[in-house]
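Trainee: Input sequences plus hints: build the corresponding full structure.
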Amino acid sequence: MIDRVRADTAEAVAGIEDGSTVMIGGFGRAGQPVELIDALLEQGATDLTVVSNNAGNGDVGLAALIGSGRVQRIVCSFPRQSDSYVFDARYRAGGIELELVPQGNLAERIRAAGAGIGGFYTPTGVGTLVAEGKEVRTIDGRDHLLELPLRADYALISAFKADRWGNLVYRKTARNFGPIMAAAARTTIVQVDEVVELGALDPETVVTPGIFVDRVVAVGERAWLEAGEFVGAESAL
Amino acid sequence: MIDRVRADTAEAVAGIEDGSTVMIGGFGRAGQPVELIDALLEQGATDLTVVSNNAGNGDVGLAALIGSGRVQRIVCSFPRQSDSYVFDARYRAGGIELELVPQGNLAERIRAAGAGIGGFYTPTGVGTLVAEGKEVRTIDGRDHLLELPLRADYALISAFKADRWGNLVYRKTARNFGPIMAAAARTTIVQVDEVVELGALDPETVVTPGIFVDRVVAVGERAWLEAGEFVGAESAL
Amino acid sequence: MSPGIDRRTLAARIARDIPEGSVVNLGIGAPTLIADYLPEGLEIILHTENGMLGMGPAPQAGRVDPDLLNAGKQPVTELPGAAYFHHADSFAMMRGGHLDICVLGAFQVSETGDLANWHTGGPGAIPAVGGAMDLAIGAKNVYVMTDLLTRDGVSKLVAECTYPLTGVRCVSRIYTDRAVFDVVDGGLEVSEVFAGSSLEELRDLTGLALRDATGTPSVTSGRTS
Amino acid sequence: MSPGIDRRTLAARIARDIPEGSVVNLGIGAPTLIADYLPEGLEIILHTENGMLGMGPAPQAGRVDPDLLNAGKQPVTELPGAAYFHHADSFAMMRGGHLDICVLGAFQVSETGDLANWHTGGPGAIPAVGGAMDLAIGAKNVYVMTDLLTRDGVSKLVAECTYPLTGVRCVSRIYTDRAVFDVVDGGLEVSEVFAGSSLEELRDLTGLALRDATGTPSVTSGRTS
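Protein chains in written order, with my numbering: chain A, 79 to 315; chain B, 79 to 315; chain C, 2 to 226; chain D, 2 to 226.
One or more of the hints may lead you astray.
[Unchecked claim] Here are the simulated lysine-lysine pairs, DSS-like style, with alpha carbons at most 30 Å apart: (1) A:K239 x C:K74; (2) B:K212 x D:K141; (3) A:K212 x B:K212; (4) D:K141 x D:K74.
Read the hints as simulated data drawn from the structure, not as lab findings.
Mentor: Written out as structure tokens, the structure is:
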């Protein structure tokens with residue numbers, strides 16, 4: 079029997095080595111695997127390279143991981159936000175290396191890693207600072223940059239529901255980087271609201287097939303989903 | 079009001095010019111837009127380049143279009159099948175040009191066209207006949223071929239249901255090339271079993287958003303779907 | 002007092018140029034205001050790069066869904082006809098030329114349509130580009146919404162950008178508080194001047210040789226078939 | 002009479018080497034038979050390149066769904082846990098190295114693991130490659146299932162392929178009606194000889210310097226975490 083379900087988040091993140099490259103899903107708070115990041119904080123791996131769209135918000139999740147000094151390098155598109163003070167301070171102090179990648183190139187590089195594409199030509203970034211050091215090639219009269227795949231040892235992502243094979247469905251804009259990160263990492267770890275019976279997910283609507291998933295952990299349903307009322311949920315954004 | 083629904087298949091294929099490149103969805107019979115191909119036969123456009131996985135089966139659909147002499151060139155991965163006699167005869171007589179592309183490179187080239195990728199490096203085909211004339215590049219110690227996007231003037235595809243914005247859902251393995259061809263063509267024409275009200279398709283399960291679709295035509299529900307019984311359907315394969 | 006129109010008036014002005022059926026991405030900040038002025042009853046589809054078409058307005062108080070955000074991480078809603086997709090698919094839409102219009106803010110726009118809107122290049126500045134470069138090169142029509150002058154009174158329309166670029170020759174139209182400019186071969190054309198400004202004054206403020214096209218109706222191209 | 006085992010016996014033999022949890026693509030033709038011998042109760046996930054994981058056996062008579070086909074365009078069924086996806090995603094799975102095993106037919110396999118299985122190269126032959134090249138370079142383990150000899154008695158295992166290649170150095174194991182061969186650095190190893198054959202005879206038939214590894218247990222690598 080294939081059973082990718084883990085008992086708790088500690089078991090889900092077990093074995094992440096120092097020096098690993100870890101992709102972390104989410105766009106702002108939506109889809110950010112907060113409970114897995116907390117478990118990674120607890121687990122202790124250090125000298126990490128993190129690939130994520132943002133560089134953390136407030137003091138929790140990715141911001142806390144960065145604040146702990148365990149992230150050596152971050153690859154992202156939008157580190158600076160109104161509440162990214164933890165990253166900001168560390169970056170200004172020279173305590174973290176930043177590779178800034180336009181969001182679409184970030185997504186496509188992650189997709190390329192999962193899809194076995196050795197590299198691709200993109201018009202995004204031509205003539206800008208992010209083109210520095212990159213091959214430029216004119217195709218059909220338009221300049222393109224060569225971009226290379228972005229792989230990871232681990233992906234930590236958040237989905238809505240999973241079955242024990244690791245098939246995933248997401249919810250609204252929390253889908254964002256989940257499907258492509260799941261395919262780009264050697265080991266993909268997913269937190270979900272709920273694990274359902276095999277066969278309970280409609281095969282037409284599975285977004286990430288279990289082939290891309292290694293470990294699944296249920297972190298409990300969020301009260302605001304159950305109630306259909308989102309009073310006070312603003313503070314969770 | 080955005081309304082991409084057309085009254086009939088003739089209206090759906092109107093305006094296809096001689097010399098057009100036309101993508102035709104389907105893998106075998108599944109997802110093949112038979113009614114749209116029939117309408118294109120009737121419409122009369124000639125000197126076509128067709129992009130499709132196969133080169134037609136039996137005497138109908140794509141085979142009939144090829145048999146009519148209106149396809150000058152075909153780009154596909156698997157022209158020869160047990161019942162591809164129409165293509166076979168025409169090819170042997172020098173009446174149609176063939177560009178053979180491995181199926182994964184075909185799919186990825188179509189995807190690249192829709193995704194604005196100028197070209198990509200793929201390990202598929204290295205050291206084989208299909209590598210002839212192509213740039214080889216070693217990336218991370220592995221040889222790759224440079225492949226370029228495959229665009230079309232028109233895509234004819236088949237889906238299960240649509241709304242008037244052109245949002246599409248597919249059914250089982252009939253999905254195949256539909257989503258990527260829809261994005262790769264300047265004008266995408268879709269036949270569906272049924273057009274449903276805007277809002278009737280669950281936004282989580284829309285596979286092709288209407289942004290990729292220009293014209294939709296309902297060709298009627300297939301009796302075997304209604305009945306849930308597929309007696310005699312073998313003959314339709 | 003400023004002789005220009007205010008942001009909301011400008012947002013409403015831009016909204017009038019968006020044809021029904023367009024797929025539009027409104028950038029973070031001021032361009033987001035445009036959504037409030039899209040004509041009731043016309044179907045215009047909003048794209049947000051974090052994976053959605055058919056985005057609706059902000060939710061009512063107490064109805065915030067933390068899984069449903071726009072690119073500025075603000076809560077939004079879902080309209081009938083919406084669709085969700087992942088980030089690679091979302092940026093494929095942009096890069097593949099499927100968006101009709103995007104509206105972005107700017108630090109500077111050059112008279113050839115170069116855009117600078119992501120980085121001051123100053124020492125100590127933390128760069129953050131997000132999806133701006135992808136939008137700038139991807140949408141069929143890239144519009145800029147900005148004040149003509151910085152707070153210090155310096156023109157944002159320039160002969161050549163001095164800030165780091167977002168994209169090269171990508172902007173097609175610039176909506177400012179004083180006038181609307183189109184980027185054409187050979188420079189900028191003024192298609193409309195708002196009350197309180199004049200073409201002479203605009204030439205003075207920008208130092209650019211602005212062509213007068215105020216008599217010509219403007220055209221927006223959309224997906225037509 | 003042939004001294005080799007028959008196709009169904011060979012299919013059953015291959016099925017025994019597929020560990021639970023593997024994701025497997027069975028090529029068109031003989032390899033499709035393997036599905037019939039996968040051990041009941043073990044979860045092995047079948048991939049079909051036309052867009053499905055979790056493919057089940059052929060439907061009962063009268064229950065054919067024309068929208069549900071395998072790569073050979075034969076009707077199949079859907080198992081609990083299945084998923085559908087489009088062609089680019091399906092081949093991304095292969096190319097990205099996510100399939101554990103594929104089993105392909107062959108015209109020729111070289112002792113360095115080159116595979117020829119799509120084109121005789123003969124005049125008048127119509128080439129058709131399908132997904133073979135993608136499978137050959139993509140799956141973690143590429144197995145070949147074939148008779149050792151052609152109908153004319155010529156070995157399909159060769160020093161170098163003379164037919165046009167499908168992939169270079171891609172095959173890891175060859176299951177034939179006479180023996181099982183592993184491609185290792187420096188040539189072919191025989192891990193198992195079926196009744197009626199001997200290593201000497203295999204060397205004679207193939208003309209290759211086959212190493213004897215019949216004492217060593219064989220290993221299949223799968224996704225383990």
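Trainee: All hints are to be evaluated individually against the structure, with a verdict given for each.
Mentor: Hint-by-hint comparison with the structure:
With a C-alpha separation of about 23 Å, the suggested pairing of K239 (chain A) with K74 (chain C) holds against the 30 Å cut-off. Proximity of K212 (chain B) to K141 (chain D) is assessed by CA-CA distance (about 26 Å); at most 30 Å being required, the pair is judged to hold. A distance of roughly 22 Å separates the Cα atoms of K212 (chain A) and K212 (chain B); the hinted pair therefore holds under the 30 Å criterion. With a C-alpha separation of about 25 Å, the suggested pairing of K141 (chain D) with K74 (chain D) holds against the 30 Å cut-off.
The structure fails none of the hints (numbered hints given earlier).
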